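Peer 1: Dock chains W, L and E against chain F, hints included.
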Amino acid sequence: MTAPLLDISELHLGVAVGRSVNRPLLKGVSFQIMPGEAYGLVGESGSGKSVTTLAVMGLLKKPLAVSGGEILFKGQNLLELPKREMRRLRGNRIAMIFQEPMTALNPLSTIGRQIAEMFVLHQGKSWDEAQKLAVEALASVRVPNPDRRARNYPHQMSGGLRQRVMIAMALACNPDLLIADEPTTALDVTVQAEVLRLIKELCAERGTAVLFISHDLGVIASICQRVGVMYAGCLVEENETSALFATPRHEYTRGLLGALPRFGSRSLHGRKRLVDIDSIIADRSKLTETRFIASRSAEEGGQP
Amino acid sequence: MLKRLTLAAMLSLGVAAGALAAGERHGGTLVFTAPYGSSFATLDVQSSPNTQEEFITQAIHRALYSWDSNQNKPVLELATSEELSEDGMVHTYHLRKNAVFHNGKPLTADDIIYSYKRIANPENAFPGASFIAVIKGAEDYIAGKAEEISGLKKIDDHTLEITYTGTINPGFPLMQNTTVIYPSNVEDESTFGKNPVGLGAFVFKEHVPGSQVVVEKFDKYYEEGRPYLDRINIVLMAEDAARDVAFRNREIDVSILGPTQYQAYQGEEGLKDHLLEVAEVYTRNIGFNPAFEPLKDKRVRQAINHAINSPLIIERLVKNKAYPASGWLPISSPAFDKDKAPYAYDPEKAKALLAEAGYADGFEFEVTASPNESWGVPIVEAILPMLKKVGITVKPKPVESSTLGEAVTTNNFQAFIWSNLSGPDPLNALRCYYSKTAQSACNYTSYASPEFDKLYEAAQQERDPAKQNDLLRQANNLVQDDAPVWFFNYNKAVMAYQPWIHGLVPNATELAIQPYDEIWIDETARSSRQ
Amino acid sequence: MRLGFNFWLGAGLTTLVILAGILAPWIAPFDPVLDADLMNSELPPDSTFWFGTDGQGRDVYTRILYGAQISLTVGIVSQVINSIIGVTLGMTAGYWGGWWDDLVNGFTNVMLAIPPLIFALAVMAVLGPGLPSLLIALGLTNWSWTCRIARSSTLSLKSLGYVQAAQTLGYGDLRIMFTQILPNMMGPILVMATLGMGSAVLSEAALSFLGLGIQPPFPSWGSMLTDARQLIQLAPWVAIFPGLAIFLSVLGFNLLGDGLRDSLDPHMRTRTP
Amino acid sequence: MLRFTLRRVLQIIPTVVVVALLIFVIFSVVPGTFAASLFADGRRAADPQMIARLNEEFGLNKPLMERFVTYVTDLAQFDLGTSFRTRQPVIDLINDRMWASLQLAIAAMVFALVISVPLGFVAALRPGSVLDTVTMIGAVSGLSMPQFWLGLLMMYLFALQLNWLPSFGYGDGSFRNLILPAVTLGVTPLALLARTTRAGVLDVLNADFIRTAHSKGMSEAKVVRWHVARNALVLIVTTVGLQFGSLIGQAVVIEKLFAWPGIGSLLVDSVASRDIPVVQGTILVIVLWFLVINTAVDLIYAAIDPRIKQE
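Chains as they are written, first to last, in this note's numbering: chain F, 1 to 304; chain W, 1 to 530; chain L, 1 to 273; chain E, 1 to 311.
No lab work stands behind these hints: they were computed from the structure. Computed from a predicted structure; not experimentally measured. Fair warning: there could be bad hints in the mix.
Said to hold, decoys possible - Sample of chain F residues lacking proximity to chain E, with all beta carbon distances greater than 10 Å (derived):
1) A3
2) L79
3) E80
4) R88
5) G91
6) A95
7) R142
8) L196
9) Q225
10) G258
11) I293
To be verified - One-sided excerpt, in silico: chain L residues whose CB lies under 10 Å from chain W:
12) L34
13) A125
14) S208
15) G213
16) Q230
17) I232
All C-beta atoms in this analysis are idealised placements derived from N, C-alpha and C, irrespective of residue type, glycine included.
Only chain F is shown next, with the shape it has when bound in the complex (with noise of 0.2 Å):
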């Protein structure tokens, strides 16, 4: 049986003021990536997701820091890890696409070059030969003219472009992991989708696993096998994608699901058919005591 690409358990983060940490952000998330499969990771803003992914990536901040639990990579404890380890995974096999592709690309410098850097940081290329295959990585997420637009700057393009040259970016190296926060909410619907789609066939033809987030169920159910949910720093509910939105059994997923616009809601009056939350789930301080984690079915063996 296959090993867990990613494996998560019991992941403890938090706030830390001076030397004891206070004001915990993750109370023991634990789940699992199987190599080549798309797991969700779905909550509202300030469930945690993001911590996790970050945590993951080796780039919390200040304040912030684990308190406790492993992250397994291909058997490796990346919290254990030298620091120079860590870098020479991060971007090469573990690659992360950001929410805003604005703000997430350096404005002063070329699309071409950004890439490249991928390829001079990880392969030992030199620039030229970076530059070039800065070219071929951004015709593989058709964009449309790569040799032209290799030399533009991010303000010459759309949200949409940019998120493709992230893409390209991240994939450039052919990473095992692929981590995507939040990559489409800050685009156009229809751009949304073919983003989208770009994730999901590039992924599935390279074999990457996707470690996607999301506040969208909608989004989430159109890429991931598997799906978490994740509450107040707690993963309440884990399972197949068609099962989770099947059968919801924790409290909190189902009120998710109750504020998912169903097909069909964009019509005039479609906001009001949206349920505020708030209005399902009666006592959210209690949410967090039941858990349901369905365990992988058929082929899954090195599940804890």
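Peer 2: Only chains W, L and E this time, still in chain F's reference frame:
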């Protein structure tokens, strides 16, 4: 007072005498400071009325007369002798035969005529024109009404006859830096501003605008064996504090001292023995405008003189860098009356005089003042509490230095504080109280006294110097009694010099101006200067 | 709004200056102008004269206290004038736009191009030395940055909902500017004014040095320092205390301004000088 | 780029024209005249005839409008007029002083840059560290000191007490003479630049693209070199431009204190002696300098930041 003066004079003579004894040494570089501004306006000194340019003049140029600091009077410079006509108006000068300009041209009478005409040329509007005006016919030339100055007559190359408008001593006007002699063979006059050519002991070498002028020894200078120095850097240093640091650092060879530095230097070993002091011919005063009602009354003006403790201000604030004034004419003036006492500090008498004049409750007046530390706002600050004690409120009215002259000469003041030239020629100095002198000229206090006028006119006609001085002495005492001004002090100029400098003289007209050709440096100077 | 240590240090120093100024008539042991006894000139600090006496025999401590009044007057009045000019021009330019905006912009560019000290020097030359001239000179000098900030704030506020709502309700332009826009940009303007107070005090000292400041007998710190530079060796205290007073008060204004700015908008510091 | 450059250069002209008019107006109402100022030191008695002669010569008794027309016509032909005091063309006087001013400004700026930018950078990379705190306290202190006071203290310390450097003057234009005035003048830009650099770098460090850079697996050093430096540079360049442009004007006090023969001391002297053509000329040159430097900065800015050119 006179004792003090002769003492100072003897001290300074001692400097010169010591120099002789040691044996003059040739060579070396002198770093001289020009403290009156941060630039030289022009090197064409005929066109410049600033004291600052006199430093250059002294090195590069010579005028018909020059000031002899030791005799304290003007003497012939470019002529070896002169003859006077019966009426004393026509002077015949026998010019030096060995004087040569820096461009090689020997001095002739033509050069003097050329120079005086250039200075008086109406198209030039040079400040020195007023000095040339003492020559007969010059007024017409200045006004553009004549082609020549009729009073100038060349007898031969080395003999010049000048007719003056009166029996004046032409030495005073014709020793000024604005009346120096230029060579008549320079085609383009505009080059004088950048490349001065003169008769002086030093040749112009370099001018770094805003920084310094460098001059070098002139081999063909007419005085045998002079100058001693190879080179002089005349550096611009207007800021007192900076000059102080530079002098202590031995970067400069001489420094003109302000009051606080004077006090500091007097207390320091190594500095106190190298101070040159002289009573300069400037009288510091507060002039009263008689058009302002309270100040019209002589008793009020006298009261003010009595109410201010001048010696105390001189001692504490001016740090004894001044001599208390007992009248308009300064100590070095030949008409100075050594027996006349200054106004005594007597607040009670002041109050009595005020009460007599009807100002028992006092009054208020403004003193227009520049920021100058020796004759500006700080002095007004010091008299303020003193006059307050007799009931008079003084308000300083600060103006920029440059507008003080305008405020005074347009009679736009209640009182002003200033330092005014009061020598060396007493006749010229007392002109400022002659009622026929315009307020805007120098009768700033609109002084008019028939008695004074009578004495002054008599002095103008008197040809015997002793008698003339006697008349002027009486006139001066009259001014003192009438108190058109508060007589504050006569400046004591102090120059600090490095121990290796010799040959400095106590120049009462302006201590900072020194005869460079007499200065020499001994072997204790730092090696870079030798 | 979180205010850091700097802000409180600045506030403390400023309060000290204000208290010194206000309380001077009561806590100063002498009269700053009339209590001058030349017999007591240049005394070192002792129990009677805490900071020693100056060349005129006046108590330096007393004059420092009264000097606070002058420094505060210079700082506050000049900045009020600056702010009024800057805000009026900037706000109307941003609000009305068009040729008026171009005109104001052009004039602001002109003022920015003339170094403030030189402009102040020119104005002082025209008006002559003295406190009123100085207030006018400094008040006319430094409004360009305020004007720019007021203009850009107005531009961004103008597009906000409540301003547009007020416009639709038919409120007059002036009413909208004064009730809707002005209160919302007071923060940055206040920051500029606080920082400006510091530079006004420094400019006063610089102009004094150039002979064009407030002149004695007013005990302004700048003129005290200028007078004292001759005494730096004989009587260092006459120079040290006014120098310290200027330094600490300007430091106070600067820290206060920095603190306010950081708490209002941490990004502003990269946009203003 | 060419059009952009041209437009920026042309924008200088109206500003200069307005400045020229403004200073003409200011100095036409200034009290005092050059001729009267000659007697200010009381070293000679006032001479009304001479004052009248000089005023006539300089055309000061002509009506204001006539003088204005002359001024404008001359200016249009790039003629700054003739100095009252020196009777030389104003442009010559300025030429004589320009090099000293430039030397001082450049030296001060180099001094400020060399220290402030690395300090600001390091401070921003380690916010809250001892170095950061010391740098920022130093910077705000530097901005709070009267310039001439600082200069005087330095003069006493380095020239008199330690005897390391000459205390004043231009000397033969050597570097040693330049140090004290340049350092004193450089303190303000140094403090401002250190603060701007720190703030700018902090801003950039918080930007999203820096997180992107980190996520690429870049080392801290490479992040700073490839992404932080250039972006921070944009801000630094602006501040450098503003400071460098106004440095010649700011140098007035320093030049006076250290007897440095620059444009600033020429201006102060000319104001004091009411040599109006020189005053007008120097102010125009100082303003022009500011505008040229700022235009140059705009162009550099455009070269660094591709977003500018498009606008």
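Peer 1: With reference to the structure, classify each hint as holding or not holding.
Peer 2: Okay, the hints, checked on the actual structure:
no.	hint	verdict
1	A3	holds, 23 Å
2	L79	holds, 17 Å
3	E80	holds, 18 Å
4	R88	violated, 7 Å
5	G91	violated, 4 Å
6	A95	violated, 7 Å
7	R142	holds, 21 Å
8	L196	holds, 20 Å
9	Q225	holds, 24 Å
10	G258	holds, 33 Å
11	I293	holds, 29 Å
12	L34	holds, 5 Å
13	A125	holds, 7 Å
14	S208	holds, 9 Å
15	G213	holds, 9 Å
16	Q230	holds, 4 Å
17	I232	holds, 7 Å
Violated hints, in rising order: 4, 5, 6; the structure is consistent with all others.
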